[in-house]
Structure formats: C-alpha cells, structure tokens
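> Let chain A serve as the given structure and place chains B and C on it in line with the hints.
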Amino acid sequence: MEAPQRTRQPVRIVICPNCSLSLRGAALFFGGLCLFCLTLAGVLALMGMWPVLPFAGLEMLLVGWALHASLARRYRSEIITLTESDVSVESRDRARCQLTVFQRHWAQVKLRRPASQLHPSRLTIESHGRQCELGSFLTDEERYGLALRLQRLIGRINESPSLASGPK
Amino acid sequence: MYRARLGIRPGIWLSIAALLAAAGAALPAMADESPRGGWGLLNLPVGVTSISRDVYSIHMMAFWVCVWIGVLVFGVMIWSIIFHRRSRGAVADVTLVHNTKVEIVWTTIPVLILVGMAIPAAHGIVLIGDDAHSQLDIKVTGFQWGWQYEYVGKGVSFISKLDAKSMAASELDSGISPYSVPHYLRNVDHPLVVPVGTKVRLLVTAVDVIHSWWVPDFGIKKDAIPGYINTSWFEVDANKPGVYRGQCAELCGRGHGYMPIVVDAVSKADFQAWLKREAAAEKAAASS
Amino acid sequence: MAETPHTEAHAHAEHDHDHKPHGWRRWVFATNHKDIGTMYLVFSCIMFFTGGAFAMMIRAELFKPGLQIVDAGVFNSLTTMHGLVMIFGAIMPAWVGLANWMIPIQIGAPDMALPRLNNLSFWILPFAFVLLLSSWLVPGSAPAGGWTMYPPLTLQFGASFPMLIFAIHMMGISSILGAINVIVTIMNLRAPGMTLLRMPLFVWTWLITSFLLVAVMPVLAGAVTMLLTDHFFGTSFFNAAGGGDPVMFQHIFWFFGHPEVYIMILPGFGVVSEIIPAFSRKPLFGYEAMVYATASIAFLSFIVWAHHMFTVGLPTSALLFFMFATMLIAVPTGVKVFNWTATMWRGSLTFEPPMLFALAFLFLFTIGGFSGLMLAMVPADFQYQDTYFVVAHFHYVLVSGSAFAIIAGVYYWLPKWVGRMYDMTLAKWHFWLSAIFFNVLFFPQHFLGLAGMPRRIPDYAVQFADWNMVSSIGGFVFGLSQLLFPYIIWKCVRSGQRVEGTRAWDGARGLEWELPSPAPYHSWTIPPTEAMIARGAEH
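Chains A, B and C supply the protein sequences, listed in that same order. Going by our numbering, 143 is the number at position 143 of the first sequence; the sequence numbering is gapless. Going by our numbering, 1162 is the number at position 162 of the second sequence; the sequence numbering is gapless. Going by our numbering, 2434 is the number at position 434 of the third sequence; the sequence numbering is gapless.
Simulated from the structure, these hints should not be mistaken for laboratory data. It cannot be assumed that every hint is accurate.
[To be verified] Stretch by stretch, here's where chain C covers chain B in the computed footprint (C-beta under 8 Å, at least three residues): (1) 1067 to 1079; (2) 1111 to 1122; (3) 1216 to 1226.
[What the hints assert, rightly or not] Result set (DSBU-like, lysine-lysine): computed pairs, CA atoms no more than 35 Å apart in a straight line: (4) B:1139 to B:1276; (5) B:1165 to C:2064; (6) C:2491 to B:1161.
[What the hints assert, rightly or not] Far from chain B, by Cβ distances over 12 Å, these chain C residues were calculated: (7) 2074; (8) 2162; (9) 2192; (10) 2232; (11) 2257; (12) 2299; (13) 2362; (14) 2378; (15) 2384.
The structure displayed is predicted, hence computed values, not measured ones. Where is the CB? At the ideal position from N, CA and C, for every residue including glycine.
For reference, chain A alone in the conformation it holds in the complex:
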C-alpha cells in the first residue's frame, strides 16, 4: 500500500500497451501470407485468370497496412510523473510526444463509468477544466488497477500536499 507521497522523490509510472507480435514475427507472417496468396493469384493469372491478381494484391496491401497500424502500439506509451507539486503526463506515439502538466493539489483522478455496461471505462486526470485521458489501451481491469494506484498516489485534495508547499 502506497500512502500519498510526501517525499520530494518524484514517482514515475510508465504504462505501455501490450504487443504480443514482434517486428520480426510480423515480417515473417506478412511475407508468408504474401508468398502464399500472390503465388496462388500468379498461377491463376498464368492460366488466364488475371483478375484475381489485383484483388490479391490489394488485399495484401490492406493486410500490410493493418499490421503496420496495429504495430504502432509499440510506440505508444504514457509516462506519469508525480512530483511534490505537479502531475505530468507525457503521452507518446510514433509521431508525437505530448506533455500535460497538472497542479497536483487540484488534480483529480477519475475513472468514468461508461453509459453502457458493454463499453470500456475511461480514466482521466483533470483539473481546471482540462483533462487528460490515460490508459485507453489497457483492459478495463488493468485500468481499474491503475486508477486505484493513481488515486492513492495523488490523493484527494485534503490528502495531497497543500498549495502552500508551492506550485512552481
């Protein structure tokens, strides 16, 4: 059990999505699939049935894109840093890196229940009308665990260090 932190040591939490496919695995898989499908379409094309080939080619492009899009998860990460005064969230993906800083005293961790039971929950840190969503790539259970942990670390207003100890 972590009590609300009162030390000057910053706490860093890094969360990143789970990726069970390695780049090498993806390449092997994609190469194998292309080899199979395009060989097949090629043989049919040689027999005069060329219209299969463009469809197979388009489909392989689509598979390639889908793998690429899903593998982009590898580059996603969210780094939450807690200092005495601030909560900062650094959200990265392949192209961007976005930094959001909240005053720790006012920061609230909210786990929002979805309107429908079938939808995922949303975890946000909010203050002053700004909000930053965290862990959208986690499963509900993991997100709940994260919410618990953040709530304990950041604390509620009366638990966190007071403003007097200084926003920067």
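Chains B and C only, in chain A's frame:
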C-alpha cells in the same frame, strides 16, 4: 450455478411423438406392393449395367463402413451420456487429458480403413473411364430444355423432350393431378433407343448452358458442357431390356426440372429394325 | 499494478457517464467490439429468418407434386437466394459476431486491434444485403442460377445479375476486413502469458478461419469480376464460343468454395471444443491434437476443390487424386470427433442447453461426415452428385454443424454478455424441437437423393412424393421452432434472472469466465495474471 431443473422430459415426450410418427410412416411402406415406389424408395438402384452394379457395391461398402464406425462412436458417446452424467454421481476424471497411444491408434486405423475403401473405388474409376471399343456411339446434346440424340454414322438424329401430358399437368395450378399422368415428369415424346448387350458410348455436350445426363439404373452421370465433349459409356445387360428413366442433374434454368431422359433398351434385333425405320423416316422427312 | 481491493477506493471512482455517443450514433459509429459483435449477431439473426422464409417457401412448393405456389423461375430464385443469404448473411456474420464478442475477452485484449475498420466491415453488410434482396424487385426477378453462379447459366439473367455481383463483392470486402482484424488482434493483442498454444480453441479455429478467408476471398472476387466482364464487356473468360472455358469457373469457384465450407465450420469446432469440456467438467482431451487437426483440415481444404465437380469430365488421374485427398479429410475430422468423445468419457456430464446443442452438433455433424465420406468415393459420387443426397449431406454439416454450434455458443455465452440467465425450459424445448425436426426434415432427403431425385427442381415425379411431404413437415416445424430462439434471448435480456458470481456455468474455464457477468466498469481488482490464463488454458 444453474442445473438442469427440467431434466430431459420435453425431449422424451417429443422423441416418443417422433417415433410414433415414424412408425406411422413405416406402416404404409410395408403395405406398398411396389418396391420401387413411395415409401420403399430408400436406396440406390442396383441397376442394369456392370458400372451400376459396381457403383452399388461401392456405395453399400461405404455405407456399412459408416454404419459400423457410427455404431462404435455413437455407442461410446451414448455410454458417456448415460453413465457419466453428474446426476448419477459421476465424478470427472480430470487427469484424462492426453494419451499418445490412443491418439496414434485412432489416427492410423481410419487411414487403414480409408485405404481399404479407396482400392475398390479406384478400380471403379478405371472401369467407368474405359470407354474404348464401343459398338455404338451416340452424341447427346443438352439444350434448354431437352436432349438431342444423334446416332453417329447411322443417319438417325432426333430431339427428346418432356411429353405433352406431363407438360400440361406441370403448369402452375394446372388443375391436373400429377398422379393421373403416367410417369409424370419422367416421360418423353421420343425416347432414346439402345440395344441391350452392346457397349454404347455417349458423347455428351450442350449448346447453351451446362446440363447433366443421368440415368440412375446405368450408374452414370455426365455433365453436358458447351464447348466440351465428355464421354461416358454403358452396356445394358442382355437379359434386362426395359425402359429406364432419369433426368437432367445440373441446374439449367427454369426448365431444369422438366428435361427427363428415357432410355428404351431393346434386343439387338429390335434395335436394328427400329434404326432402319427411323433412318427411313428421317430420310423421307428430309426429302419432302 | 497489482493492487488489492480497498473499499475506500470504490468511493474514489467516479460514476458519471462518459462522452460516448448515445442513441443511434452509438451503433452507427460503434467501435467497441461488444457493440459491433452485437450488431453482427442481430444482423445474422434477421438474415437467418429471411433465408429461412425462402426455405419455407421451397418446402411448401415441394410439399406435393405439381406446381402450387410459385413458378419454376421463382423457385430457382428461392433456392439461389436461400443459399446466398444463409451462407453470406446468416452463418458468416454470426461467426464474425461471436469472434468480435469473445476473442478480445478470451485473449485478454482491450478491444479488437482495428476498431474503426471493424465498424466499416460491419456496416458494409446491410448495404450488400439490401442490394441483394432488392433484386427480387427488378424485372426478371432475383438471381436464379444457384448460389454457385455457374456460367453460362448465370450470365442469362438480366438486371439482377450485376446486383448479385456487386453484393458478392461487398460481402467479400466485409469478410476480408473482418478476417484481417481478427488475425491482427490474435497476433498482436494477446495478453502476456497467452502463448499460441494456450489460446482457447475458439480463438485457434478463428485464427485458421481468417487465414482461409484472406487466402480465398480474392479468388471469389476475381471469379465474379470475370463473370461481370464476360457479361458486359465482351470478354471470354468462361464463354466457350469465345474460346473461354466454363469449367474453369467451377475450378476457381470451388477453389474458393471448399475453404469457404471450412470457414463456416471451423469456428463451430472451436465453440464445441469450449462447451463440451465445460459441461463434462473435464479439460479438453488432446488440445494440441485438436489444433493440429484443425490446421490439417485447413490445409487439405485447398487441395480437394474438384470433388464438387467429379462429373464435369476430369481425367482419371485427377479423379484419383481428388478422391484420395478428400478421403484424407476424414482422418483429422475423425480425430476431432474422437477427442470430443474422449472429453465426455468419464466426465461429470450435465445437459444444459449449450451442451445439448453441442451434443446435437456432435451426432449430426458426424452423420454429415459419413455422407461426406460416401460422397468422396468417385464412382458412388456419380450417382449422388447433384441429388438430394448432397442436399442432405451439406445441411447435416451446415445446419447441425455451423448453425447448431452458433446457437450453442449463444446459449453458452449469453449469460456472460447480459449478466442474466435465460429460460432453460424454453431453451430445452428449442433444442428438442430443433434436433428432432431437423432429422425429420433432412434425413428423408438421403432417401430421395438415392432414389434419384435431383436437387434444385421445383416439381418431381410422384414416386418422390411421400418423403418430400415428410421433409416439408419437418421443415415447417423446424422453421417455426427457431422463432423460440430470438424470443428466449429477448426475454433473457429484459427479465432474465441475474447471474451471481463470475461463472454462469460451474464447469466453464477460460479468461472470459474470470470476469463478473457482464463485465462492469471496475470488473477486476487485479489485472489478468498469468495464473488465470494458465487456469483457463489447463490442457
């Protein structure tokens, strides 16, 4: 935990009802005097050619193999269902998850059975494919919707279509009972006539769409495909002259159900006489 | 992140609503896998009854000899549309729906890998089927060349022809998108510890199914495109008069078509492999053998296509090859049946509706397998080909295979989805009526086929009348009793008894049963651990 509250009572009642219904269906079957009609129509015909008998024996072999495997497999399943149910206090043996020996056995035994089945089947394929040394060639051409038969080199050729009585009765809401029409939908205006005891080769093709020439008693079915000439053959047993019926077996449009095949197998002498008559009639028709 | 529950923490969690769209926007812009899965299943149910209505009309016309209800042309449209709607509208979307619902949960993923693509792949389907079904309204009525669309016959149809082709293209695109999504999800989104050989069999079979889909869908797309250009642009791919080859279409079509058959049945193997162990209270027998058997069936499906066309005049060598390859399929399929039987052996069986449907699958699919083995024997196939024997065979494997497995899956997971239990008594009635009248409907068709009745004929010789009447009566009762299914689900969703705890079935295993039903927003106090995955994957 939801356990079966109702047991299988509705099932038992329904099963009894179904059994009674089946028994009701079987009774008229026993009363049926014709073995090739109504309820008695349960199996392939043995047929009247060497091919059809071969096919029949392969069919029955495959059937009995399936029956015996079925008895074995379903027997084990039913045994489990009856004796390994929780309501009888059965406790699951959770260690029973894998057994290499058993798995090897139930992979190899089916392979052996399949090999045993494949040998006669392969023999049958070779028999059916051997269309050499035919004594009579007939070109069969399917069209929408009927068959044209041409006795190659004999100067006889005619078209064979559904007979007028069936045609009239088969109209939508015709008001004519199909039972009042002899051989409803299985009769033609001009049957194919072949001699018995003669190897007849068919050259099967089509002019418009794909049809399929099929006479169950001969054990052959061959697709009639535009641009292709498929061959097939049959030899009706010398002691089995008669009228044999079949119909088109490949969807060929709205008239697909209305293109029967009737083969009149006659003695060789009768055939020669018929051929002569037919050739003369055609010559007369052509010159007039 | 492993935290223990802390009562105070519950007070922390905000219970206000999210910003997700509500009402119709929720469904139109759905990206959540459960929403999309639900839409797929509802769509499939509507199509099941649409295709079922066509089947009822077919059976009504065949009730007695003579034409009473529809014209011969309309009859052909009915058989064609029944096939297309059931295959592409009912069975395949139902499997994609179940995949959407269950795969992410079973592998511990937050959602499907590509949620927006998922939305697209569903929403193509309604348009495809509006297009296909509206072909009833155009001059010349709906396509009537059979679902197999053999040229030259299928080229004879007028306005409905391009509608059919474009509808097939749309369904194909939808299937491909769905399959790609499933592949990527399974490959990339498995939870740590969920190795390939720990995956539940439903996930395994779906992985293999999506490979098959990706491999053969372009072939179908190419084939129907060639039909289109033959019809409208004067090409001669399949036109004998122009130097084309009508048999080539059959080769290509069945090169797609046979794997397609397994696309419809493999996920069924998966579902049954989950249900039988659950209600036998025993792990699945021979898990790895099951995986390898599924993979071998998938492989064999690529080299047996010509067994659908033994009568087109193949050379003897080809007949022999395709016969042997086809018979070989009986081996892995047999292994599966033996493994399911061994799973029940010395188990502790109970017979709730999912298990009943799984057992019906097991018995009736095996019968379909037997007739399949008989059909593989080329000489005998010359007699069976294109008769009611074939109709009986593929309905035994498709209805009692795919459809019963889908129903079993829904009865198995429904308590998980809605957190309520359905009316078991009604579900048992549904089972017994289905199982008995399925046999009344289709078993006599074996007799009809052997006695010489070809398929796809609107009227028949009088000697076939008796068994056709039996079959029609079976058909009507079977069809009507299916109406119980949506009613049971509707009743369950509205007023079913709430399910306590995480497991609706005491013997159920797998990651999906570690969550309360349905998964509430703070469903787990700890993330899925390896221990849970291992528990789910005890083989």
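> All hints, please: hold or fail.
Cross-check of the supplied hints:
1. 1067 to 1079: Per the Cβ count (6), the hint holds.
2. 1111 to 1122: holds (count 6)
3. 1216 to 1226: holds (count 8)
4. B:1139 to B:1276: With Cα atoms ~18 Å apart, residue 1139 of chain B and residue 1276 of chain B stay inside 35 Å; holds.
5. B:1165 to C:2064: The hint holds at about 18 Å.
6. C:2491 to B:1161: 56 Å, violated
7. 2074: Check fails; 9 Å does not lie beyond 12 Å.
8. 2162: The claim holds: residue 2162 of chain C sits with its nearest Cβ about 19 Å from chain B, beyond 12 Å.
9. 2192: 25 Å, holds
10. 2232: 18 Å, holds
11. 2257: 15 Å, holds
12. 2299: For residue 2299 of chain C, whose nearest Cβ neighbour in chain B is about 16 Å away, the distance exceeds 12 Å, so it holds.
13. 2362: With a cut-off of 12 Å, residue 2362 of chain C comes too close to chain B, as the shortest Cβ separation is near 7 Å.
14. 2378: Given that some Cβ of chain B is not farther than 12 Å from that of residue 2378 of chain C, nearest at about 5 Å, it is violated.
15. 2384: Per Cβ check, residue 2384 of chain C is inside 12 Å of chain B; nearest 8 Å; violated.
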